[in-house]
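Protein chains in written order, with the working numbering: chain A, 1 to 168; chain B, 169 to 352.
Calculated from the structure, these hints are not laboratory results.
All clues given are correct.
27 Å max Cα-Cα, derived DSSO-like pairs, lysine-lysine:
(1) LYS151(A) x LYS206(B)
(2) LYS151(A) x LYS5(A)
(3) LYS331(B) x LYS206(B)
(4) LYS117(A) x LYS25(A)
(5) LYS151(A) x LYS117(A)
(6) LYS144(A) x LYS348(B)
(7) LYS348(B) x LYS151(A)
(8) LYS144(A) x LYS132(A)
(9) LYS5(A) x LYS144(A)
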Amino acid sequence: MDISKKIVDDLVANDVSFITTVPCKQLAGVIEEVEARPEIFHIPSNKEDEGMGLCAGAFMGGKRPAIIMQNTAIGVTINTLATLTQYYRMPLPMLISYRGELREPVACQVEMAVHTKALLNQLNIPTYHFHKESDADELDAILKYTFMCNKPVAILTDASFWGGYGDQ
Amino acid sequence: MIRSEILREIAPILHDQLVVCNIGLPSQELHMIDDNAKNFYMLGTMGLSSSIGLGLALAQDKTVISIDGDGSVLTNLGTLPTIANNVADNFVLLIIDNGSYGSTGDQPTYAGKKTKLENVATACGCENVVVCQDVDTGKVLQEAIDSKQMTIIVSKCDSGNIKLPVITMDPVVIRDRFMKAVAS
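Next comes chain B alone, as it looks inside the complex (with noise of 0.2 Å):
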């Protein structure tokens, strides 16, 4: 499966719970398929989907998954520290590892040669690391949900990308929206 087959099955599970895109690609293909007021789209900041989602987890009660990829974990390594060390359990950490940055054109990453992402987060002292096939992101997503524990699932999947438009949308319109879908 590619990064936009597993978003397409995942999201019926995302679209009740505040979710934190990562720029580029992601954030339109979950535009496209499932666009609503808790989703909050990066639409610049390449890396920091996972410190936000963090802030944002930290900061009130609901569920945030955020979704990440390996690229741009690498690109904001520091970020799995500081998880580590302020542990929210109301947030999924969700990184789609496909071994290359896909939006600029599938050039490979460190994780998909020697660097494992899991190991990484285990070594900066993340708790509960799952590691999962892109086929088995939906069910491993739902436990961690359900688990009410904070979770790193790092999901293997292939690199490839779909055509799609970018997003248009102004950033205060869905910063706006997104702000009040968390305080509903």
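In isolation and in its complexed conformation, chain A is listed as follows (with noise of 0.2 Å):
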């Protein structure tokens, strides 16, 4: 079964109805399913803290929400994170491309990948990494995860999870 696919089923069996994204080549397929399912209110955003304010007015409005970026957003995000999605204590499903690791083309993204996990570590947000395909199978889990906890959950996934970058 296509892995795009896949994790949207699993986000729409969780009732996430509310999806904002920030675009990467890596999670191209998933935002290109995430519109089409007519389940889910797609909202692109232009930055990734902006898209966590959509995303708290979305849960405070009865809706699950959820997050879709690259991992460069938690340099952006901290301060949201800190003190709007936690301090208000809100659950946010984070599906994040995890640039920078094995098969990454572009040199510039492994400078926020080394940090990446670091970051996540000290805002205690609990933290999976998709390596290989079968991974996903504890998207599910996660996402009860998140809306039983009330906190943002990050989901890594890595170039391997996704097959690599094809031609580039």
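Once you've looked at the hints, go ahead and assemble the two chains, each given alone in its own frame, into the complex.
Now the structure itself:
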């Protein structure tokens, strides 16, 4: 089964109906699938902290939100994660493309990759790393976990998980 | 008029609506004037009042008013294209434009200089952008609510602050009672 479809199936099965995205080449298939699903309101955001604000509002309006973004966004969103999502105790699944890992062609991406897990760890954000396709079998449980405990949760998906970068 | 005087004047209109209020003095002022469960006070995260309000408006049917400032909108300028392209007719963004960063000591913003937020909003594709003077804010806000069309209001007022204490309510309490008011 197509992995993008499987991921979005899990989101829909867990009642996630409000998703904001900031694009990444690795996430293009998932974003396309999110856009195609009638069960999901897809709202692209211009910056990831803005997206987390949208998600906070949607959650308070009774919807289950999620954000799809690159790991570089951790650098952008630390204040929002600490003073909005965590401070008001809100759930937020963050499906993150883990750029700068093995098979990465763009050197600069490595510069944030080396900080990604340390920053998430510093923020006490539960973090899951999808490296092989079968790792996504845990997504359903991860989504249930984030909405159970009202915390942001990071799901890092690296290039090996997505099958590399093709011709790059 | 300064911001706190506008808030005092529009408090009876705000009272029946869901309000997402900007960080710092605006939230402290609203909390002092008319604390109630339908107010969501931002205690941190400058710039996201409009984003939280839009997300809330898109997720349910009740009218939502985001109270923002010119400095905060400048911090999160990307919000305006997102608002323009995701129309929620139950959403009103009230930008109280005093041309200064009030909570940090009234340093001037670019909105108090050459930049006109009403023009920025229009250029971003927002369709109902209303500019008003401080004294007309209540009338314009009521019209925007009654129109049932997404509206951006830029209310021009004087810069200046009153002294008042910080909000000591627990954020989870603010959020919990707000969510109950949203769902009621």
